[in-house]
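K.L.:
The whole structure should be built from the sequences, with the hints applied where relevant.
Sequential numbering from 1 applies to the sequence shown in our numbering.
Don't read these hints as lab results, they were simulated from the structure.
Source: prediction; values computed, not measured.
It cannot be assumed that every hint is accurate.
Claimed, not checked - Derived CB-CB ranges, DEER-like:
#1 P40 to V162: 29 to 37 Å
#2 A294 to N331: 16 to 24 Å
#3 T357 to C147: 20 to 28 Å
#4 E378 to T138: 42 to 50 Å
#5 Y136 to K165: 25 to 33 Å
#6 E339 to R229: 39 to 47 Å
#7 G202 to N61: 49 to 57 Å
Stated by the list, open to error - Here are the simulated DSSO-like pairs of lysine-lysine, each with C-alpha atoms no more than 27 Å apart in a straight line:
#8 K386 to K196
#9 K334 to K62
#10 K63 to K337
#11 K63 to K28
#12 K75 to K95
#13 K276 to K337
#14 K75 to K386
#15 K349 to K62
#16 K192 to K143
#17 K334 to K271
#18 K337 to K62
#19 K28 to K334
#20 K212 to K196
#21 K271 to K386
#22 K67 to K308
#23 K67 to K301
#24 K196 to K165
#25 K63 to K75
#26 K212 to K192
#27 K349 to K337
#28 K301 to K95
#29 K308 to K276
#30 K308 to K62
#31 K165 to K143
#32 K301 to K63
#33 K301 to K69
#34 K349 to K69
#35 K212 to K276
#36 K63 to K95
We put the beta carbon where it would ideally sit given N, CA and C, even for glycine.
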Amino acid sequence: MRKLIAVALAALVLPLVFAAGPASAQEKLRLPFAYIFSGPFIEFGERVWNEGLMPGLAEVNKKGGIKGKQVEFYKVDVRFPETAGWIVEFRRLCKDEDVPVVFGVGATKSTIAIFEDSRTCGVPVLSPSSGGAWPYRTDDGMKDFGCCMFRYQPVPDEVMPVLIKTAKERLNISRAALSHSIDDDFAANNIKVSRKALQDNGVEIVDDVGFKDAETNFASQVASFRRNRPDVIVMHHQPGPAGTFLLQLRDRGVDAQVATDIIVGGADFWKQSNGKAIGSIGYSLYSADDPSPAVQEWVAKWRAITGKTGAPDAFVTTYYDAVQVLAHVMNEAKSLKREDIIESFLSVKAHQTISGTITWNNVGDIFRPAPILVQLGEEGVLELWK
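P.N.:
As structure tokens, this is what we get:
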């Protein structure tokens with residue numbers, strides 16, 4: 001009788017054991033990916049998702065995911081260039097205790113829009129492609145990122161003066177024309193840095209124009225540049241509008257050297273210029289001709305995934321790189337509580353990535369030992385400016 005009872009109990013237990021196995025194996029960590037999934041820049045957002053984030057996530061999951069769980073991202077629309085709807089969405093994420101971190105965001109305008117709310121609710125934010133000069137300062141003049149906002153790009157106040165000084169030395173520039181988007185915080189803040197850097201280097205500003213990102217006819221701005229004959233054009237826009245403006249400049253005979261910021265590495269800059277952005281200089285977190293194995297393996301992988309020639313742009317590369325950094329941060333955290341993740345960000349010291357060695361010395365902008373100055377080559381490939 002006892003044998004029959006034992007057999008019966010075993011028969012009941014076995015299905016429970018086998019049922020528990022697949023359930024735990026399928027357990028996932030779902031995280032929000034806030035980015036541009038509507039409006040005029042939707043193609044940009046989808047390219048970052050498909051060509052950068054997803055391949056990077058595959059690497060994360062191949063190495064065990066986060067805290068032993070496979071990771072899955074779900075889309076949250078930041079609605080760039082609008083901000084009101086994004087602020088509402090971010091506040092919802094803040095209130096959700098199951099959201100340990102907000103990753104993505106993207107544009108500096110979208111990042112600035114949530115700054116006050118981020119420090120109120122205490123959720124860590126990693127905004128990898130925000131590359132605008134940061135406007136907020138503490139009482140002692142330091143950049144103020146609150147409790148928990150982290151960025152990943154080289155920033156203009158540190159690199160733009162180096163780029164302009166180097167351009168003057170190599171190209172003997174003396175007359176500059178400037179352009180920027182008047183309805184974008186990224187451009188409006190960066191242009192201030194460039195104006196000062198040009199003045200500090202003794203470069204005369206002969207023209208200074210602004211327009212909205214949605215504009216498409218730049219006849220008056222082009223005519224003004226032709227009249228003032230600059231030998232360098234310093235522009236700050238989103239990649240697409242910058243490419244459109246540059247195409248019209250070139251088509252109407254303005255051939256001055258173009259210098260810009262991280263948007264030099266945006267695929268839309270090249271695409272909208274119809275290839276006439278070739279030779280433009282700027283800075284980036286990587287160059288595709290970097291011989292390091294990490295970079296060359298990534299370039300080869302991107303070509304295999306997309307079927308494209310050339311090389312991945314800087315924004316796609318940013319998210320391929322940054323999602324793996326995020327996984328490192330969360331895996332090293334004591335727990336997935338928000339305060340532990342913030343502490344883990346601040347423990348990142350000399351960590352090796354595709355973009356080189358990175359350190360967060362404090363909340364806010366990443367530290368890299370040296371800037372990477374780049375120039376656009378054939379097919380819009382980012383090459384080290386030598």
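K.L.:
Does the structure break any of the earlier hints, and which numbers would those be?
P.N.:
6, 13, 14, 17, 22, 28 and 36
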